[in-house]
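So the sequences go chain by chain: A and B. The opening position of the first sequence corresponds to residue 1 in my numbering, with each subsequent residue numbered one higher. The opening position of the second sequence corresponds to residue 1 in my numbering, with each subsequent residue numbered one higher.
Everything labelled a hint here was simulated from the structure, so no lab data went into it. Beta carbons: idealized from backbone N, C-alpha and C, even for Gly. Accuracy of the hints is not assured; some may be wrong.
[To be verified] Stretch by stretch, here's where chain B covers chain A in the computed footprint (C-beta under 8 angstroms, at least three residues):
(1) 52-62
(2) 122-132
(3) 209-221
[To be verified] Once the Cα atoms are required to be at most 16 angstroms apart in a straight line, the calculated EDC-like pairs of lysine to aspartate or glutamate come out as:
(4) K316(A) / E8(A)
(5) K140(B) / E19(B)
(6) K161(B) / D188(B)
(7) K267(A) / D269(B)
(8) K267(B) / E8(A)
(9) K140(A) / D306(A)
Number of protein chains: 2
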Amino acid sequence: MAQAAYYEGNRTIRHGPGELVEPKYGEVTLKISHCGICGTDLHIYHGAMDARVEMPLVMGHEMSANVHQLGAGVENFVIGDKVVVMPLAPCGECPACAAGHSHICHNLDFLGIDTPGAFQSYWTVPAYTLHRMPAHLSLKHGALIEPLAVACHDVRLADVKAGDQVVVLGGGPIGMLVALVARQAGADALVSEINPYRVDLASRLGLDAVNPHETDLTKLVLQRTQGAGADIVFEVSGSQAGATVMTELLRTRGLAVVVAIFAQAPKIDLFRFFWRELRLQGVRVYESEDFSAAIELAARGTLPLDDLVTDIRPLKALQSGFEDMDKGGQVMKILLEL
Amino acid sequence: MAQAAYYEGNRTIRHGPGELVEPKYGEVTLKISHCGICGTDLHIYHGAMDARVEMPLVMGHEMSANVHQLGAGVENFVIGDKVVVMPLAPCGECPACAAGHSHICHNLDFLGIDTPGAFQSYWTVPAYTLHRMPAHLSLKHGALIEPLAVACHDVRLADVKAGDQVVVLGGGPIGMLVALVARQAGADALVSEINPYRVDLASRLGLDAVNPHETDLTKLVLQRTQGAGADIVFEVSGSQAGATVMTELLRTRGLAVVVAIFAQAPKIDLFRFFWRELRLQGVRVYESEDFSAAIELAARGTLPLDDLVTDIRPLKALQSGFEDMDKGGQVMKILLEL
Numbered sequence: 001m002a003q004a005a006y007y008e009g010n011r012t013i014r015h016g017p018g019e020l021v022e023p024k025y026g027e028v029t030l031k032i033s034h035c036g037i038c039g040t041d042l043h044i045y046h047g048a049m050d051a052r053v054e055m056p057l058v059m060g061h062e063m064s065a066n067v068h069q070l071g072a073g074v075e076n077f078v079i080g081d082k083v084v085v086m087p088l089a090p091c092g093e094c095p096a097c098a099a100g101h102s103h104i105c106h107n108l109d110f111l112g113i114d115t116p117g118a119f120q121s122y123w124t125v126p127a128y129t130l131h132r133m134p135a136h137l138s139l140k141h142g143a144l145i146e147p148l149a150v151a152c153h154d155v156r157l158a159d160v161k162a163g164d165q166v167v168v169l170g171g172g173p174i175g176m177l178v179a180l181v182a183r184q185a186g187a188d189a190l191v192s193e194i195n196p197y198r199v200d201l202a203s204r205l206g207l208d209a210v211n212p213h214e215t216d217l218t219k220l221v222l223q224r225t226q227g228a229g230a231d232i233v234f235e236v237s238g239s240q241a242g243a244t245v246m247t248e249l250l251r252t253r254g255l256a257v258v259v260a261i262f263a264q265a266p267k268i269d270l271f272r273f274f275w276r277e278l279r280l281q282g283v284r285v286y287e288s289e290d291f292s293a294a295i296e297l298a299a300r301g302t303l304p305l306d307d308l309v310t311d312i313r314p315l316k317a318l319q320s321g322f323e324d325m326d327k328g329g330q331v332m333k334i335l336l337e338l
Numbered sequence: 001m002a003q004a005a006y007y008e009g010n011r012t013i014r015h016g017p018g019e020l021v022e023p024k025y026g027e028v029t030l031k032i033s034h035c036g037i038c039g040t041d042l043h044i045y046h047g048a049m050d051a052r053v054e055m056p057l058v059m060g061h062e063m064s065a066n067v068h069q070l071g072a073g074v075e076n077f078v079i080g081d082k083v084v085v086m087p088l089a090p091c092g093e094c095p096a097c098a099a100g101h102s103h104i105c106h107n108l109d110f111l112g113i114d115t116p117g118a119f120q121s122y123w124t125v126p127a128y129t130l131h132r133m134p135a136h137l138s139l140k141h142g143a144l145i146e147p148l149a150v151a152c153h154d155v156r157l158a159d160v161k162a163g164d165q166v167v168v169l170g171g172g173p174i175g176m177l178v179a180l181v182a183r184q185a186g187a188d189a190l191v192s193e194i195n196p197y198r199v200d201l202a203s204r205l206g207l208d209a210v211n212p213h214e215t216d217l218t219k220l221v222l223q224r225t226q227g228a229g230a231d232i233v234f235e236v237s238g239s240q241a242g243a244t245v246m247t248e249l250l251r252t253r254g255l256a257v258v259v260a261i262f263a264q265a266p267k268i269d270l271f272r273f274f275w276r277e278l279r280l281q282g283v284r285v286y287e288s289e290d291f292s293a294a295i296e297l298a299a300r301g302t303l304p305l306d307d308l309v310t311d312i313r314p315l316k317a318l319q320s321g322f323e324d325m326d327k328g329g330q331v332m333k334i335l336l337e338l
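Modelling step: build the complete structure from the supplied sequences, incorporating the hints.
Structure (structure tokens):
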């Protein structure tokens with residue numbers, strides 16, 4: 001029986017019957033296997049994006065699926081294929097698309113935010129959004145490809161190199177994945193995180209991790225770099241504290257990467273940017289090559305993906321998942337299994 | 001008779017007899033011809049750097065000179081050579097120097113700030129700071145090489161290309177030179193400046209210039225770029241208004257270049273950096289190749305350097321020069337002639 005989870009505003013998720021939307025030309029209908037809860041979903045649940053979203057909304061975009069039905073004109077997939085979706089539908093006509101930056105199209109539709117998402121049994125999407133999974137990559141791990149692609153994009157745009165000293169401010173799922181991908185690239189990654197559970201988890205993942213409320217982060221980074229400072233700092237905390245410390249940590253010409261979504265404009269030490277010729281780069285979502293890289297990396301089996309999944313619940317537990325994330329305690333990534 | 005101008009604190013310049021400091025090994029004594037007044041000199045005159053400078057201080061670093069006397073071990077220059085000084089003395093040992101960024105050495109001595117400068121008849125400096133001027137480049141224009149080298153550095157680090165849409169926020173001497181150098185690189189440069197005299201001057205220099213109090217700058221830039229936004233914005237105003245508008249003006253993946261010295265940390269729209277994958281780059285002083293480029297560019301004779309020089313005064317008029325700059329009216333670059 002097809003099911004779906006509907007956001008109806010006011011921190012309310014209704015679990016109910018789902019639909020199968022017939023695939024049109026160039027579309028594919030997927031049978032969803034797993035779908036993770038993203039921080040953006042939580043943000044929507046909080047009502048922070050009520051002006052943008054149409055309710056009732058089926059959220060969800062960190063997913064894995066099997067191809068269930070093919071629309072006309074779709075030739076590269078067959079029924080049963082294991083796939084993930086890169087949930088971006090660009091307009092193809094705006095200046096960003098014209099400049100080759102369609103992933104940050106001025107009129108971008110984000111599937112699962114601006115159109116229905118994957119917290120439902122059957123999801124119909126444009127075939128161009130699909131990436132095929134290798135046979136030996138599990139559908140559970142497949143649901144981590146989307147956030148992993150974010151990390152691959154961030155590390156790629158930051159041009160992380162072997163031997164780089166990297167600091168990640170904020171050890172949530174994206175921060176952890178950025179640190180893990182940077183380490184795969186040969187960097188020396190340090191995670192700064194104030195939640196003790198997440199500091200412990202980072203250590204279990206083999207990452208260096210500290211709580212900046214307990215350790216003088218700037219002093220530590222200068223010690224680790226013989227006074228030079230870090231090559232790259234990923235700001236994933238979205239906090240004024242993170243925005244302040246990032247400029248203190250960087251070496252001359254070092255790079256601050258803004259991964260977090262800052263709801264308020266923080267104060268930034270532009271004098272320090274001048275003084276040390278620092279650089280800053282905003283990064284958002286991913287491009288197709290990042291999805292391919294994420295799949296390849298997950299399939300390699302060297303990332304501790306299982307340790308990032310706090311638990312797996314049925315779709316009807318979406319509301320309790322949000323509630324547990326709000327408690328801010330011992331959760332990292334929650335997956336829903338359909 | 002040797003003369004010098006001494007900053008004695010409390011907005012006071014004393015004009016008096018100068019000294020000739022005998023050049024030591026590897027040093028050269030110069031006979032100063034012209035020396036411009038820099039915004040940093042004004043800042044020192046205001047007392048804002050009293051904690052850093054030793055008084056009485058001979059300021060001045062935008063200069064031209066003839067070689068007057070050679071210390072032992074100096075082989076590449078002869079008495080009478082027309083030269084300019086790149087006024088940076090790096091330590092050679094810090095992490096910035098080790099990384100090849102000696103121009104922003106952690107322990108940098110800036111000649112004319114941390115050690116005596118060129119507002120005096122005879123200036124003794126390390127020979128490695130000298131750049132030779134071509135014979136046909138005037139000593140008057142030579143005094144503009146240092147600020148021109150700043151502009152060459154900024155445009156080089158911004159990687160300005162032919163056809164780029166460039167906006168310069170702030171039309172003081174550095175802003176004007178940045179716009180002129182960007183135009184030489186083939187860019188389409190627009191200057192935004194609130195001082196009407198400077199807006200007019202920019203127009204006389206052949207630059208597009210607007211007063212953002214009279215023109216909606218964001219709307220204008222979007223019109224000029226078919227809705228895409230500017231490729232590069234140079235922030236040379238040091239104001240919150242500039243820091244705010246720079247993120248509104250840029251295209252996806254556009255670059256904000258922080259040239260100005262921000263005494264206070266402004267609020268920066270990091271959401272916009274994320275949303276459009278914007279980049280930011282701090283730039284400070286110059287490297288040797290920028291001095292060479294500035295000399296080559298000035299010698300080419302295509303820049304309207306004469307129009308940037310508001311007037312030329314004797315050294316004893318330094319105090320009145322600062323006072324006129326403080327009035328903020330009809331001044332651009334004031335040169336002192338020794």
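Quiz item: Are there at least three residues in the region 209-221 of chain A whose beta carbon sits under 8 angstroms from a beta carbon of chain B?
Solution: violated (count 0)
Quiz item: Has the given pair, K267(B) with E8(A), been kept, meaning a C-alpha gap of at most 16 angstroms?
Solution: 35 angstroms, violated
Exercise. Starting from K140(B), check that the Cα of E19(B) is at most 16 angstroms away, please.
Key: Roughly 23 angstroms separates the two Cα atoms, so the pair is violated.
Exercise. Starting from K140(A), check that the Cα of D306(A) is at most 16 angstroms away, please.
Key: Holds: K140(A) and D306(A) sit about 9 angstroms apart, inside 16 angstroms.
Exercise. Quick one: see if chain B covers the region 122-132 of chain A, three-plus residues with Cβ-Cβ under 8 angstroms.
Key: Since three or more residues must qualify, the claim that chain B covers the region 122-132 of chain A is violated, with 0 doing so at under 8 angstroms.
Quiz item: Is the straight-line distance between the alpha-carbon of K267(A) and that of D269(B) 16 angstroms or less?
Solution: 9 angstroms, holds
Quiz item: If you look at each residue in the region 52-62 of chain A, do at least three have a Cβ nearer than 8 angstroms to any Cβ of chain B?
Solution: The restraint on the region 52-62 of chain A is violated, since only 0 of its residues have a Cβ under 8 angstroms from chain B and three are required.
Practice problem: Mind checking the alpha carbons of K316(A) and E8(A) for me, to see if they're no more than 16 angstroms apart? | Solution: Roughly 14 angstroms separates the two Cα atoms, so the pair holds.
Quiz item: Between K161(B) and D188(B), does the CA-CA distance stay at or below 16 angstroms?
Solution: Holds, at roughly 10 angstroms.
The structure does not agree with the numbered hints 1, 2, 3, 5 and 8 stated previously, though it agrees with the rest.
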